[in-house]
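Model the placement of chain B on the given structure of chain A, informed by the hints.
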Amino acid sequence: MRLSDKIAPSFERIGGVYALPVILMIVALPLVGSLSSWVTLTVAGLAMGMMIFLMASGLSLVFGLMNVLNFGHSAFISFGAFIAASVLTGLSAWVGAHSLGFNLLALFAAIGAASLFGLVAGIVFEYLIIRPVAGDHLRQILITMGALIVSEELVRAIWGDNPITVARPAALNGIFVIGGASIEIYRVFAFCLGLAVFVGLYLVLNRTRIGLLIRAGVENREMVEALGFRIERLFVGVFMLGSALAAMGGAMWAGYQGTITGSLGSEMLILITIVVIIGGLGSIEGSLLGALLVGLLGNYVAFLFPKLSLASNMLLMMAVLLWRPWGLKPAVKS
Amino acid sequence: MSGSILRLDDVHTDIGQYRVLHGVTLDVPEGGVYVLLGRNGAGKTTTLRTIMGLWRARAGAIVFRHRDITALHTADIARLGIAYVPENMGIFGGLTVEENMRLASATSRFDRTRLGRIQDLFPAIRQFWDKPAWSLSGGQKQMLAISRAIIEPRDLILIDEPTKGLAPSIIRAMIEAFREIARDTTILLVEQNFLFASSLGQGVSVIDDGRIVHDGDMAALAADEALQTRLLSLSMAAHQ
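Protein chains in written order, with our numbering: chain A, 1 to 334; chain B, 335 to 574.
If we strip away everything but chain A, and leave its shape as in the complex, we get (with noise of 0.2 Å):
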């Protein structure tokens, strides 16, 4: 018996993938050698997470139900971060003012301008870009690249080419310390948030109708219209779903970074398709458990090896598809 079959039900017995993320942390514990130096990386490696599980879940759900390469997706996300950076700078008397329900307003009226702007401009880049390269996977690659580039230009054009500071609301902006471990409280909401968004998505997939439909198209998209149901209104709406979340993580990750660039985008093009490729492509478990692998790796690497941390997401993607080639968590395909 080969030694992986020895260890196979064990790791089962505890969870199995899920349990990865559990086991990074206990793993990273000793390493770090502090304990507040632990927590302080773990978290932000959650809340890290949490915005790329944001920002990657619906790049994953549109590949798994309309088999969509879509590098355009990160458009999204750069849009959502500056919509976010202009909105918080209009509101800035609230962003600044000493009072929480102001600095939530501004803060969810930054991430509902960015959210919407996903929303609408998700059914005129799906019924511009993707539908006339439909099953056509080069030209998909090739249009979605191109649709990239311009709207980062488009971005540059309206934003300007210099960076941009994103104000972040005041009692968003502190740290608190527990047992010596220093949390900013940003990090803190943004774990929050993306866990609100994944159990609402869960709740979603699992619960309605329309869920239902989402998974079995997933698998099989053919048959679920030979059940009588449009699986292209389907897909509008699920498209226009994950762009609004793309936009939501970008306004997210925009106060996390504190300074957005015109080449945002691209720049997280690489890591949400590393945590779909690590995840499973059509899967959100798949894609919560890549973003939050990605996230805690890439802080505990930065911490204890600097040189390895640009490296860190590219060996972890290797390491998950040696082992598990279709990813941790992939759709059932039929």
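Just so you know, these hints were derived from the structure itself, not from any lab. Among the hints, a few may not be true.
Derived, one-sided and incomplete: chain A residues facing chain B with beta-carbon distance under 7 Å [stated by the list, open to error]:
(1) R209
(2) I210
(3) L212
(4) A216
(5) E225
(6) G228
(7) E232
Here are the simulated SDA-like cross-link-like pairs (lysine to any residue), alpha carbons at most 25 Å apart as the crow flies [what the hints assert, rightly or not]:
(8) B:K465 with B:D489
(9) A:K307 with A:W326
(10) B:K498 with A:E222
(11) B:K465 with A:V199
FRET-style restraints, in silico, Cβ to Cβ [said to hold, decoys possible]:
(12) A:G200 with B:E432: 19 to 29 Å
(13) A:P163 with B:T430: 28 to 38 Å
(14) B:R443 with A:P163: 50 to 60 Å
(15) B:Q461 with A:G16: 18 to 28 Å
(16) A:R209 with B:R448: 12 to 22 Å
(17) A:N67 with B:R401: 53 to 63 Å
(18) A:E232 with B:E514: 55 to 65 Å
(19) B:S442 with A:R131: 24 to 34 Å
(20) A:M145 with B:G337: 48 to 58 Å
(21) A:R131 with B:R443: 52 to 62 Å
(22) B:V547 with A:E232: 21 to 31 Å
(23) A:G200 with B:E514: 40 to 50 Å
(24) A:I210 with B:E514: 25 to 35 Å
(25) B:N374 with A:G16: 34 to 44 Å
Being a predicted model, the structure only gives us computed values, none of them experimental. Every residue, glycine too, gets a C-beta built ideally from N, C-alpha and C.
Positioned in the frame of chain A, the structure of chain B alone reads:
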């Protein structure tokens, strides 16, 4: 026999650059089981997929209950009351048996009497109700595929080679089930298993090389071994 429920009139279908159906003309009478026989690659599956709109007819007409459905979307064809059980069964492995069935019902609610009859017909559906469909055996998956097709009243069910790879005991159970289903639904059955087909079918067409080469009563074909040999060996002769 009663009037026609489905008629294909000189239907041509291309897959990529290849023409697979070369003018199929077929009349499926209402009620009972009508069988489309033919060897591998003769065009049986293409015929069913063309009826469902999964592959588009390049020429000819498909008429269901006096309505031309040739250019309709697959979903609209299904909503007219035509169910399809593909050769690969089309089961959603990631969904439970219940979710597979729920997806095929017009609303999210089941007609309990109908569901009970289906579960009596296929006890595995009741037994594995909340289990993921990927965990079912091949025969159980086929039962689920057929159950899904009849969870709502349908006028016509297209079934593609349901006995493929199944054990003889399951095939015997399937024959009984099909007889029961055919009491209130028309079945267009594609088969290679002549014994199975002849035990169920009233009418039969034989397709070869994308053309219908024989229409008639199944009883007459079953009784005429020379005709069987001639019709069902056509492809082999054509390729030699």
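Here is how each hint holds up against the structure:
1. For R209 of chain A, the suggested interface contact is upheld, since its CB lies about 5 Å from the closest CB of chain B, less than 7 Å.
2. With 7 Å as the threshold, the beta carbon of I210 of chain A stays out of range of chain B, its nearest partner Cβ sitting at about 11 Å, so the hint is violated.
3. With a least beta-carbon distance of about 6 Å to chain B, the hint placing L212 of chain A at the interface is held under the 7 Å criterion.
4. The restraint placing A216 of chain A at the interface with chain B holds, with a minimum CB-CB distance near 5 Å, inside the 7 Å limit.
5. Annotation: E225 of chain A was flagged as interfacial toward chain B, and the flag holds, the nearest CB pair being 4 Å apart, inside 7 Å.
6. Against a cut-off of 7 Å between C-beta atoms, the interface hint on G228 of chain A holds, since the closest Cβ of chain B lies about 4 Å away.
7. With a cut of 7 Å, the hint placing E232 of chain A at the interface with chain B is violated, because the nearest CB-to-CB distance is about 9 Å.
8. Annotation: proposed proximity of K465 of chain B to D489 of chain B is violated, straight-line Cα distance about 30 Å (limit 25 Å).
9. With a C-alpha separation of about 29 Å, the suggested pair K307 of chain A and W326 of chain A falls outside the 25 Å cut-off, and the hint is violated.
10. At roughly 21 Å between alpha-carbon atoms, K498 of chain B and E222 of chain A fall within 25 Å of each other, so this suggested pair holds.
11. Simply put, K465 of chain B and V199 of chain A have alpha-carbon atoms about 23 Å apart, close enough for the 25 Å limit, and the pair holds.
12. The hint said 19 to 29 Å for the Cβ distance between G200 of chain A and E432 of chain B, and at roughly 23 Å that hint holds.
13. Look at P163 of chain A against T430 of chain B: about 50 Å separates their beta carbons, and that is not inside 28 to 38 Å.
14. Hint check: R443 of chain B to P163 of chain A, Cβ distance near 56 Å, so the stated range 50 to 60 Å holds.
15. At about 26 Å, the CB distance of Q461 of chain B to G16 of chain A agrees with the hint of 18 to 28 Å.
16. Between R209 of chain A and R448 of chain B, the C-beta spacing of about 19 Å keeps the proposed range 12 to 22 Å intact.
17. Between N67 of chain A and R401 of chain B, the C-beta spacing of about 32 Å breaks the proposed range 53 to 63 Å.
18. At about 36 Å, the CB distance of E232 of chain A to E514 of chain B disagrees with the hint of 55 to 65 Å.
19. The given range of 24 to 34 Å is respected by S442 of chain B and R131 of chain A, whose C-beta atoms sit roughly 30 Å from each other.
20. In this structure the supplied range 48 to 58 Å holds for M145 of chain A paired with G337 of chain B, their Cβ-Cβ distance being about 56 Å.
21. Here the CB-CB span from R131 of chain A to R443 of chain B is close to 34 Å, at odds with the stated 52 to 62 Å.
22. Checked against the hint of 21 to 31 Å, the C-beta distance between V547 of chain B and E232 of chain A comes to roughly 38 Å, which is inconsistent with it.
23. Distance hint for G200 of chain A and E514 of chain B: a CB-CB separation of about 44 Å, consistent with the stated range 40 to 50 Å.
24. Under the hint 25 to 35 Å, the C-beta atoms of I210 of chain A and E514 of chain B, about 34 Å apart, fit the expected range.
25. Between N374 of chain B and G16 of chain A the beta carbon distance is about 41 Å. The supplied range of 34 to 44 Å therefore holds.
In summary, the numbered hints that this structure violates are 2, 7, 8, 9, 13, 17, 18, 21, 22.
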